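Please build the complete structure, drawing on both the sequences and the hints.
Which chain is which? The protein sequence lines are A and B, in order.
All residue numbers for the first sequence refer to this note's numbering, where the first residue is 1 and numbers rise by one.
All residue numbers for the second sequence refer to this note's numbering, where the first residue is 1 and numbers rise by one.
It should be emphasised that the hints constitute simulated quantities derived from the structure, not laboratory data.
Because the structure is a prediction, the values reported are computed rather than measured.
Treat the hints with caution; some may be incorrect.
Any copy will do: because identical chains look the same in the list, a pair fits if it lies in one copy or spans two.
Straight-line distance between alpha carbons at most 27 Å, and here's what the computed DSSO-like set of lysine-lysine pairs gives [unchecked claim]:
no., residue 1, residue 2
1, Lys18, Lys236
2, Lys41, Lys6
3, Lys339, Lys231
4, Lys259, Lys198
5, Lys236, Lys158
6, Lys75, Lys6
7, Lys41, Lys129
8, Lys41, Lys158
9, Lys75, Lys41
10, Lys18, Lys158
11, Lys18, Lys7
2 protein chains.
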Amino acid sequence: MNGIAKKSVNIHPPFNFKSGAVFNDPITIVYETLGTLNAKKNNAILVTTGLSPSAHIASSLEDSSSGWWEDIVGKGKSIDTSEYFVICVNSLGSCFGTSGPSSMDPRSGKRYRLSFPEISIEDVASSIKPVIDELGIETLKAIVGPSMGGMTALSLIKQYPNITNDLVLISAASSSRPFSIALRSLQRSMITSDPQWKEGNYNQDDLPLEGMKHARFLGMITYRSPTEWNKRFGRKLIQNIAERADLFGNRFQIQDYLKRRSDDFISDFDPNSYLYLSNAIDAFDFAEDSDDIEGAVTNLDLNRVLIIGVEEDYIFPFQCQEDLYNAFSAQKYSVELLKLPSINGHDSFLVDHENFGSALAEFFK
Amino acid sequence: MNGIAKKSVNIHPPFNFKSGAVFNDPITIVYETLGTLNAKKNNAILVTTGLSPSAHIASSLEDSSSGWWEDIVGKGKSIDTSEYFVICVNSLGSCFGTSGPSSMDPRSGKRYRLSFPEISIEDVASSIKPVIDELGIETLKAIVGPSMGGMTALSLIKQYPNITNDLVLISAASSSRPFSIALRSLQRSMITSDPQWKEGNYNQDDLPLEGMKHARFLGMITYRSPTEWNKRFGRKLIQNIAERADLFGNRFQIQDYLKRRSDDFISDFDPNSYLYLSNAIDAFDFAEDSDDIEGAVTNLDLNRVLIIGVEEDYIFPFQCQEDLYNAFSAQKYSVELLKLPSINGHDSFLVDHENFGSALAEFFK
Chain A
1 MNGIAKKSVN IHPPFNFKSG AVFNDPITIV YETLGTLNAK KNNAILVTTG
51 LSPSAHIASS LEDSSSGWWE DIVGKGKSID TSEYFVICVN SLGSCFGTSG
101 PSSMDPRSGK RYRLSFPEIS IEDVASSIKP VIDELGIETL KAIVGPSMGG
151 MTALSLIKQY PNITNDLVLI SAASSSRPFS IALRSLQRSM ITSDPQWKEG
201 NYNQDDLPLE GMKHARFLGM ITYRSPTEWN KRFGRKLIQN IAERADLFGN
251 RFQIQDYLKR RSDDFISDFD PNSYLYLSNA IDAFDFAEDS DDIEGAVTNL
301 DLNRVLIIGV EEDYIFPFQC QEDLYNAFSA QKYSVELLKL PSINGHDSFL
351 VDHENFGSAL AEFFK
Chain B
1 MNGIAKKSVN IHPPFNFKSG AVFNDPITIV YETLGTLNAK KNNAILVTTG
51 LSPSAHIASS LEDSSSGWWE DIVGKGKSID TSEYFVICVN SLGSCFGTSG
101 PSSMDPRSGK RYRLSFPEIS IEDVASSIKP VIDELGIETL KAIVGPSMGG
151 MTALSLIKQY PNITNDLVLI SAASSSRPFS IALRSLQRSM ITSDPQWKEG
201 NYNQDDLPLE GMKHARFLGM ITYRSPTEWN KRFGRKLIQN IAERADLFGN
251 RFQIQDYLKR RSDDFISDFD PNSYLYLSNA IDAFDFAEDS DDIEGAVTNL
301 DLNRVLIIGV EEDYIFPFQC QEDLYNAFSA QKYSVELLKL PSINGHDSFL
351 VDHENFGSAL AEFFK
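Structure representation (structure tokens):
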């Protein structure tokens, strides 16, 4: 198997959701792979994604467009596809081929919308297992989970304790804290309050754009850091300030930047997918069946664990990564905690290729 | 003059706004006082407010309702009205009696709305001076400026270098940084995107409530701190979670709390007033006419300066207070910097009466 780009697995019904819902329609999981799975099938690295990325992690022969981790994954890069077989799965509930609220309901011929069952991180994780099985892989070399993907990775090892040798959690958490729950609640409310949302039954040509833009604007603010913006923007004025449309028009470059970036994003991502996955991040609690995180990491068959975080992460603060480290450490796993000097906040792993690349290259060398 | 509650001063036109606008209508500034101005008129403390409070700082004989700083200001309290004559002014542009976009335009008989000139912090400050003059006060004992009020206080001492002996800046800044500019820009956009805003010409019976609620929700998130919410709420579920209306209904107590508090607030505050003052906070730069803050604090006639801040202030981070301290210190003022161990973020001065009360009592004893 070599350099095959987008593939998919169909999960035969029923799919049992964590909520108790039994879903009798087939579920499709889209994934991409890079590199070559070796004969022993022991060189596979699974990357579980954050909320918004697709399975297109890096460019390939089949799809030469840049992927969301282009600078980290590839031949000769930190996760070296000359050596490793990299699998990236589009999460259940997302909108890039994998089943979710924006998929077509085969019975009605319309999109599922809110009739799609509530999705949990546990469901995202269990829907990935058939991909691993399809590829004939018994044990992964590693799972690498950034952001929400770290929660998915934690759920995978909990549900399938022998699924991987190594585990890399990046800017992740065992559960969301109230500050980030509050931020995501506001983002969801901005979308569901948009009159165009229409209880999830929006017209595809008339999306709840204002709500999505505002949700993304808040995301852009809180996924990055004050330190980065002090350096990049400070109080620099926009060039055409004399042409400011009105009293409340943009005055500063930071405003202009966030507006442009928010407007760009919203066309890509399905509003209901966003709501479902945002909700799943709030609800996930790795330790819900045990006294604490330490209790949740007993009896895992893990060789090495690497936990990476940065300062000024408002989504999953470094304390979350420390808590995970302490739990793995107390249970005598071989675990390392890295606090990288990135200034890009929660999104550092997507931006600071130098620091993250070095850390991952060192781990996988 | 003793215990007189709500009073007002009419500023005779024209009022020259910083923007260049010359306003030919009379401007009314509402204020309240507590305590007794002594014969020498040297025991007056002016409190300049944050964005949303009225002039009603504490209960009085005339108005027994609790004020916004009830636990700090009063007889025998940290700012002791047995000793001091406390003046609190409702800021220009606000909506509690003082002139602003929600006031009546005497010519049209309608509210000014966006025809009211753009308001700057400098305008807020210069509109306070007539109150001091009206009271016959030449030099204030102190100006106490929390949050936006700290900016107003800085502008007052810049415009009138002999106006006060002492200066207390609380959770304030010489200018806004890009992170908080971004937050306020989003808040303004949430209001101006609300269809009920109608370019500022909303019906008073049909306010842009969704936008105001969302702006307040974001305010509630960012005026407090993750540490406070970890302690108060953690991941505690709401009681009636089984009755959750839908997939995206509240699950956690933090969500319920923020929703209730946001819904409460919005009925009080005029949307256009909010927009005008929010915009003024972004634009203010105490050091705009000098090389830096140090350059802006030369030649002030100040006896003592106290600068107070806390950890986890997302609006004006402690670095802002350090920058102010360093500037006053470099210019050899008698200046003290206090970092209080409050966990309530930017709003600590409104909530943590113990720490703030002690600090202010010590300063004013």
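Hint-by-hint comparison with the structure:
Proximity of lysine 18 and lysine 236 under a CA criterion of 27 Å is satisfied inter-copy only: 20 Å between copies versus 49 Å inside one chain copy. For the homomeric pair lysine 41 and lysine 6, the shortest alpha-carbon distance inside one copy (20 Å) is at most 27 Å, but the shortest distance between copies (80 Å) is not. Within a single copy, lysine 339 and lysine 231 get their C-alpha atoms as close as 21 Å, and across copies as close as 24 Å, so both meet the 27 Å cut-off. When the C-alpha separation of lysine 259 and lysine 198 is checked against a cutoff of 27 Å, the pair qualifies both within a copy, at 24 Å, and between copies, at 21 Å.
Only between protomers do lysine 236 and lysine 158 lie at most 27 Å apart by alpha-carbon distance; the minimum there is 23 Å, versus 48 Å within a single protomer. In this assembly of identical chains, the alpha carbons of lysine 75 and lysine 6 lie at most 27 Å apart only when taken from the same copy (18 Å versus 73 Å across copies). With identical chains, the CA atoms of lysine 41 and lysine 129 are at most 27 Å apart within one copy only, with a shortest distance of 15 Å there and 78 Å across copies. Proximity of lysine 41 and lysine 158 under a CA criterion of 27 Å is satisfied intra-copy only: 22 Å inside one chain copy versus 72 Å between copies.
Taking CA atoms no more than 27 Å apart as the test, lysine 75 paired with lysine 41 passes inside one copy only; the shortest distance there is 19 Å, against 78 Å between copies. For the identical chains of this complex, lysine 18 and lysine 158 are intra-copy neighbours only, at 14 Å inside a copy versus 62 Å across copies, given an alpha-carbon limit of 27 Å. Proximity of lysine 18 and lysine 7 under a CA criterion of 27 Å is satisfied intra-copy only: 26 Å inside one chain copy versus 62 Å between copies.
The structure meets every hint from the earlier list without exception.
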